[in-house]
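Novice: The lines below spell out each chain.
2 protein chains.
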Amino acid sequence: MRKIITVSREFGSGGRELGKRLSDILGIEYVDGEIASELAKLTNLDGDYIGKQLENGICGFQPVYARSFSRVSQSSGTAMLLASQHKVIKEIAAKKDCIIVGRGADAVLAGLNPFKIFVYADMPSKIMRCRSRCADGENPSDRELERKIKEIDKARKTTHGVYSTRVWGDKEGYDLCINTTEVVIGEIAPLVAEYARTFFKNN
Amino acid sequence: MRKIITVSREFGSGGRELGKRLSDILGIEYVDGEIASELAKLTNLDGDYIGKQLENGICGFQPVYARSFSRVSQSSGTAMLLASQHKVIKEIAAKKDCIIVGRGADAVLAGLNPFKIFVYADMPSKIMRCRSRCADGENPSDRELERKIKEIDKARKTTHGVYSTRVWGDKEGYDLCINTTEVVIGEIAPLVAEYARTFFKNN
Chain Y
29 MRKIITVSRE FGSGGRELGK RLSDILGIEY VDGEIASELA KLTNLDGDYI GKQLENGICG
89 FQPVYARSFS RVSQSSGTAM LLASQHKVIK EIAAKKDCII VGRGADAVLA GLNPFKIFVY
149 ADMPSKIMRC RSRCADGENP SDRELERKIK EIDKARKTTH GVYSTRVWGD KEGYDLCINT
209 TEVVIGEIAP LVAEYARTFF KNN
Chain B
29 MRKIITVSRE FGSGGRELGK RLSDILGIEY VDGEIASELA KLTNLDGDYI GKQLENGICG
89 FQPVYARSFS RVSQSSGTAM LLASQHKVIK EIAAKKDCII VGRGADAVLA GLNPFKIFVY
149 ADMPSKIMRC RSRCADGENP SDRELERKIK EIDKARKTTH GVYSTRVWGD KEGYDLCINT
209 TEVVIGEIAP LVAEYARTFF KNN
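In order, the protein sequences belong to chains Y and B. For what it's worth, this note's numbering labels the leading residue of the first sequence as 29, then goes sequentially. For what it's worth, this note's numbering labels the leading residue of the second sequence as 29, then goes sequentially.
One should not assume that every hint holds.
No copy labels: a pair is met if it fits in one copy or bridges any two.
[What the hints assert, rightly or not] Under the rule of at most 30 Å between Cα atoms (straight-line distance), these lysine-lysine pairs were calculated in the BS3-like manner:
(1) Lys124 to Lys178
(2) Lys185 to Lys199
(3) Lys229 to Lys182
(4) Lys123 to Lys178
(5) Lys176 to Lys124
(6) Lys48 to Lys199
(7) Lys229 to Lys80
(8) Lys229 to Lys176
(9) Lys69 to Lys199
(10) Lys176 to Lys31
(11) Lys118 to Lys182
(12) Lys124 to Lys69
(13) Lys176 to Lys123
(14) Lys229 to Lys199
(15) Lys69 to Lys229
(16) Lys176 to Lys115
(17) Lys199 to Lys176
Worth flagging that the hints you see were computed from the coordinates, not collected in a lab.
Hey, can you work out the whole structure from these sequences and the hints?
Specialist: This is how it looks when you write it as structure tokens:
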């Protein structure tokens, strides 16, 4: 059975760090960069552009029959990118065990029964994590960071809803939901890795 | 710092078993029976009666100003029992480290910063766990068990809402949410115990 871990996460909750640490501990490849480069090849588009489009997600996306033409054209570029991303993710997961952070992988790979983690935290904790990642000279206010965090998570939720009947962030869609408020990711990663090993043994 | 673990759980998800196993592994007392006997002493009521009343919870309970007199009298007996239970829980937690399953302990003891777990599972899995606990000769249909599970969890949610601004089952109110669908509780308990140790080290 293929060993796949998907890490869905609120922005600033440390999900990416957890995914990388799980990869180091378990020896399962973290494939974020590979997805990005394969997607750029497949679509013949610039990687930075793709990243931006996918981060923004699909705002107010609805099934085609319910949308006006203007909204179709507004969203169709991103929708096509997402479809291409799904193709790339499926191709990679068909070939090897992997860990994928975000990118709707929990929904795309549902048929392969991945170990599905959701990582979340309270707002002050997420703001603190985001601030620690700011480039030198950048000094956004807490309010600006909070707005950014909420915007990104809203886009993630909306986009996820297009491809899954599960609601992004609803615990029912995940095997383990981890609150990283005041948690040192490096300390819990070995325990989560062991939990994943138990999951793979039984599934 | 007091070591307290609260296990909130959907009916049939194995939360009680997890609580008992954590107690065995960590050497922290599981105090369910003590709460029941202290509550019986304090209220001078029969233990079985108390258990039944608390399981039913408070249906449609609202702040006093919004209720009619008939609803006040209907709910006030249970509300008083719950208040007594909170008193007992606080007194026990003030004296010693403990593990408490259910009983709104996550809300009652919030000031002591407990390690808060929520245990959940999909409906088929909960039905299976409930069935395995049925007495000899009892053979309820899946539909009957599902109705019972939903009823009990609805009562838990409503009752929890009376004493906490957190919604029962919303992951934000817990440190770790564990999906026990197709999970062997005995296998994950040592990992959850280790996770709790990490929590207590940092809090």
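Novice: Each hint should be assessed against the structure and marked as holding or not.
Specialist: Against the structure, the hints:
1. Taking identical chains as interchangeable, the C-alpha atoms of lysine 124 and lysine 178 are never at most 30 Å apart, the minima being 34 Å within one chain and 40 Å between chains.
2. For the homomeric pair lysine 185 and lysine 199, the shortest alpha-carbon distances inside one copy (13 Å) and between copies (16 Å) are both at most 30 Å.
3. Taking CA atoms no more than 30 Å apart as the test, lysine 229 paired with lysine 182 passes in neither setting, with 35 Å inside one copy and 34 Å between copies.
4. Taking CA atoms no more than 30 Å apart as the test, lysine 123 paired with lysine 178 passes in neither setting, with 35 Å inside one copy and 42 Å between copies.
5. Neither within a single protomer nor between protomers do lysine 176 and lysine 124 lie at most 30 Å apart by alpha-carbon distance, with minima of 34 Å and 43 Å respectively.
6. With identical chains, the CA atoms of lysine 48 and lysine 199 are at most 30 Å apart both within one copy (22 Å) and between copies (24 Å).
7. With identical chains, the CA atoms of lysine 229 and lysine 80 are never at most 30 Å apart, being 38 Å at best within one copy and 40 Å at best between copies.
8. With identical chains, the CA atoms of lysine 229 and lysine 176 are never at most 30 Å apart, being 39 Å at best within one copy and 32 Å at best between copies.
9. For a Cα distance limit of 30 Å, the shortest separation of lysine 69 from lysine 199 qualifies neither inside one copy, at 35 Å, nor across copies, at 39 Å.
10. Taking identical chains as interchangeable, the C-alpha atoms of lysine 176 and lysine 31 are never at most 30 Å apart, the minima being 33 Å within one chain and 36 Å between chains.
11. For the identical chains of this complex, lysine 118 and lysine 182 are intra-copy neighbours only, at 25 Å inside a copy versus 39 Å across copies, given an alpha-carbon limit of 30 Å.
12. Taking CA atoms no more than 30 Å apart as the test, lysine 124 paired with lysine 69 passes inside one copy only; the shortest distance there is 20 Å, against 61 Å between copies.
13. For the homomeric pair lysine 176 and lysine 123, neither the shortest alpha-carbon distance inside one copy (36 Å) nor that between copies (44 Å) is at most 30 Å.
14. Proximity of lysine 229 to lysine 199 under the C-alpha cut-off of 30 Å is found in both arrangements, the shortest distances being 22 Å within a copy and 26 Å between copies.
15. With identical chains, the CA atoms of lysine 69 and lysine 229 are never at most 30 Å apart, being 36 Å at best within one copy and 47 Å at best between copies.
16. In this homomeric assembly, lysine 176 and lysine 115 come within 30 Å of each other (Cα to Cα) only inside a single copy, at 29 Å, whereas the closest approach across copies is 43 Å.
17. Taking CA atoms no more than 30 Å apart as the test, lysine 199 paired with lysine 176 passes in both settings, with 23 Å inside one copy and 22 Å between copies.
Consistency note: the structure conflicts with the earlier hints numbered 1, 3, 4, 5, 7, 8, 9, 10, 13 and 15.
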